[in-house]
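Undergrad: Here is what each chain is made of, one letter per residue.
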Amino acid sequence: MPVDTLITSENDTDIELDFAGDEDFQENHERQKHKGKRRNGDRPKNKRENQRRKRSSKSVQGIREESQSTTERRERRRRQRGKAEHETSGHQGNKGERDQTRVKTTKSKKNLKNEKTRKLEGKEDGEAQERSEKGKLKPVCAKNEEKIESGDQLKEKEKALGVKKKKKRKKVVETSSEPETSEESEDEEEVNNDGEVRPELLSPEELEKLKEAVDEKKKLIQSLRGKPWPMKQKLVTLRESQLFVEKYEGALGKGKGRKLYAYKVMMTKKWKKFQRDFENFKTACIPWEMKIKEIESHFGSSVASYFIFLRWMYGINMILFGLTFGLVMVPEALMGRPYGSIPRKTVPRAEEAGAMDFAVLWDFGGYAQYSVLFYGYYNNQRAIGWFKFRMPLSYFLVGVGTVAYSYMVVIRTMARNANESGVGDDNSFNFSWKMFTSWDYLIGNPETADNKFASITTSFKEAILEEQESRKDDNIHLTRFLRVLANFLVLCCLAGSGYLIYFVVRRSQKFALDGLENHTWWERNEVNMVMSLLGMFCPMLFDVISALENYHPRVALQWQLGRIFALFLGNLYTFIIALMDAINLKRKEEKVVKYNITMWEASLYNGTGSENSTAPPVTIHPADVPRGPCWETMVGQEFVRLIISDTMTTYITLLIGDFLRAVLVRFLNHCWCWDLEAGFPSYSEFDVSGNVLGLIFNQGMIWMGAFYAPCLPALNLLRLHVSMYLQCWAVMCCNVPQERVFKASGSNNFYMAMLLVILFLSTLPAIYTIVTIPPSFDCGPFSGKNRMFDVIQETLESDFPAWFSKVFSYASNPGLVLPFILLMVLAIYYLQSTSKSYREANVELKNKLQMQNEENKKKNKQAALKAQMDLEEARKSACQTAELQRNNNASVQRREDDEEIYNKNQRMYHVRNPSPSVGDREPHFPVRGPAPRNCHNGNHGNPRYLPGFHQQSEPRMYRVPSLERH
Amino acid sequence: MGNKQTIFTDEQLDAYQDCTFFTRKEILRLHSRYHELAPHLVPMDYTNEPDCKLPLALIVDMPELKENPFRNRIVESFSEDGMGNLSFNEFVDMFSVLSEMAPRELKAIYAFKIYDYNVDNYLCKEDLEKTLNKLTKEELTPEEVELVCEKAIEEADLDGDNKLSYADFENMITRAPDFLSTFHIRI
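In order, the protein sequence lines correspond to chains F and B.
Basically my numbering = 1-based index in the first sequence + 800.
Basically my numbering = 1-based index in the second sequence + 26.
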């Protein structure tokens, strides 16, 4: 029977823990875990209890008799406890369970309490049994019994706690962690027991409370997936909460409002279901999930991050393609004038012969040039088709819209990435991060895993080396010289490649003036080929040069990326500058042509007019009409060709560099004089950064050229689609995992930032041409206008009411625009300065934290020193009392194994004290959780003198052993 | 789903979706993976929630976990009994926590459990040593291991008790740039 009291005393530590009111998350977590453990034990017990309730009390006692001998005394005690409980539960009513009182109105108080008592007993029975099975309890029992019989008021307390405990149990069964929610679920149970609660009978306050409870439950359901509970518990909680919500949701609201409320509830339910279905549908639509997963498991997250980036890019291009295809190409093809109706839509007579040749089509000349694929084909008719589609306006808005959309998406993604990556810029947790986050859980391939192990080991060794020796460079001058030399060489490379491209572009223009027919294939494709070759070989050169510099690999990678970026950018801009020259040439040509045409027309009319004035003017076939050079189409063609050749070189290098190499290495290995697989050629690695850069620049060209060649997004979509499959295949079949595995996440936003820069740089020339250069006079949707954006003006004037254009003209007045810009600048300035101050505050807080940290450590060290001294003193005094206390030793042993770990953790305080003295603090035992533990910790010395006692009374300190108890 | 054999009722699927970060399809896929592990033990029909558990050895053999140096700890810390026997519920739970969608806080809790080898709710030096040895395949010398563990504790220990409590661990891990990207398993 004293077992009961022992158990209560044990449990009251729990209660103390729970009522400690500590907000620390860790404790919450531990508590939950703790409860989880207990719960597992509790559930079967509950079942048992129910069965037992049905059985006669005799059989219950029968079980008890196994462990106990004095049944009568227990009986009496139990009765006493029941009485005490009657009293205490009254107090509890207003303290613990405000909500409960409301339900009690309909319920007989007595019944409830009887039930409680019975439950309590049943539970204790169960525990008693369990405990006694362990067989460790006997000596403690005997002692406790005596003690408890001596202290009456103590018993009272215990019983109160017993009641508490029981409630706790119940809560635990209902699987909630926070006291509030558990109260509610308890509340719920009571209500359920009650059978029916008429909502009409409830007062407004009660309704309010019920509503709160329902909301709480809903919130619980929402946040359930983020709770660190075992699934079983989550499922049970979910079911209960759903039942509760279902049951009482309808009860809320009264009279008129009730129906509306029910309707609202129903609608939200339907809406939720729809949302979930939609979510399911959305994830089902994400393509290549399994493919990427497979790669991820083979190569780790860095290679997979490239493919995820590729997929993301594919998504963006899908939208761009949808816009241009749906709003520009299809309307023109379906509703615009058909091919051959007007000169701009017809292949000129001179080119007609070879317009269908494959070589010409491959160059996007001939029929391809005079189709919806290019700017020049579009007519300047204001509205086309039966529903008056505003073609030129649509063309212009789509051009602007694609760029705007891209900006939005890129910036949004960047912001999200920045949020996710947290504030991991400081280096204060170097070792711990290495220890806890360096393993990539995605890796599922032995080879990759081996590489990862090796790279982790080297990274640790590097870190240790760095830690051990304070940076001292043996020959700083040499290193400096080499670095300067390397940069000089790289600059030379960049300048050389820039000049080469410029030279080639100028030469190609000369060729173009001569006419392409009398040149070789190489001369015709010189520009693209040179650009692609430069893009292929220069990075290798940079790689060689960077060996001079002797940087840390991560720094070296960044330099390498920066250089390749500069190279690509330089090439692209040289290309654009050369293109500008070409545009200017074309415009000069255009002027001449324009003059000639007026002459030609005049002569035409004069000729016909003189012959026969009544006859209708001769119809000239559109193919014969002379026309201007149309620089926009030329620009579009250049970009398309560039993309095509770029794609081709990518694929061919993939096939030769990766596939062929792998095949050769694999099959020639049998008959070669050295090991090809391990030695020189070996298999290639997947170059993540190079591929990402390639993708980014490709996208930049799309953004630049899409205005003049609406087919570009479509082409790009095709390219990305093919390269997804091709590269997936190539990676899986002929690449080996990287030897140095770099982290992907840190560079994620780095790539995004590059994409943003490229986006900005590629929209600059496009916008420049749109704003400054007048469109060609005889081709494209804006022909005949002074500037391309005049189409907006035109629409405003003719399609909108007069007042609107007036308002618009006022709004675009510099007097309004300038203040607006000023305001924006001010806002940016304000935001920037606030963010700066936030950052400063952040740094300050961090410093404070560190200082506190150090102080703490110092304090602890002092405390440890003091503890040592105190303990020695204590040992002396303990030696004298040792004999007296030795007889109590037995009671301690039971806990010893539980305490072992704790002791280990706490050894700082007592490990240096070997004296076998005994903690004789038993009177504290049932009252306070931590106290007995302290005695046992200090069972080598007199616990009264135990230093660090205060620290141990902190919740975090004493919780550990309570977790360890079974 | 559809004309196939029903594995879960719709309510069950909804409940799983409420409790995890998975969609319907993924839950069904998880079940098929679980089923594949031991076709003769795991029933296809889960509508009446059969009670069946798979031992650690079978689960650890999954390709997703096979190369992971902490595989035993992962499975153990998600099992109810601490021995690594997983029921389907716990199996789903495990991959839900390790999925991409799970929040950092949740992951941190379980990461702490995983690295806590002796389950004393503290990461003490022995835990760190074990972790480090698993990570490097015991290629570091004992002195190096000692140094690294000391350094790690020194960096992350805020309350100065020479071991990492959950608060210390969380403080450290929430700032780690790589934690979210590496602490997940796609299934």
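Quick caveat, the hints were computed from the structure, so don't treat them as lab data.
Warning: the hint list may mix true and false statements.
[Claimed, not checked] Reference excerpt, derived from the structure (chain F facing chain B, CB under 7 Å, subset only): (1) Ser1023; (2) Arg1025; (3) Ala1084; (4) Cys1085; (5) Ile1086; (6) Asn1217; (7) Thr1237; (8) Gly1244.
For glycine and all other residues, C-beta sits at the position ideal for the given N, C-alpha and C.
Undergrad: A separate judgement is required for each hint: does it hold in the structure or not?
TA: How the hints compare with the structure:
At its closest, the beta carbon of F/Ser1023 sits 10 Å from a beta carbon of chain B; the interface hint therefore is violated under the 7 Å criterion. Annotation: interface hint on F/Arg1025 holds; nearest CB of chain B at approximately 6 Å, less than 7 Å. Taking 7 Å as the C-beta cut-off, the interface hint given for F/Ala1084 holds, the closest approach to chain B being about 6 Å. The interface hint given for F/Cys1085 is violated, since its Cβ lies 11 Å from the closest Cβ of chain B, which is over the 7 Å cut-off.
Checking F/Ile1086 against chain B: minimum C-beta separation of about 10 Å lies over 7 Å; hint violated. Given the 7 Å rule on beta carbons, the hint for F/Asn1217 is violated: about 11 Å separates it from the nearest Cβ of chain B. A distance limit of 7 Å between C-beta atoms decides the matter here; for F/Thr1237 the minimum to chain B is near 4 Å, and the interface restraint holds. Look at F/Gly1244: its Cβ gets to within about 5 Å of chain B, closer than 7 Å, so that hint holds up.
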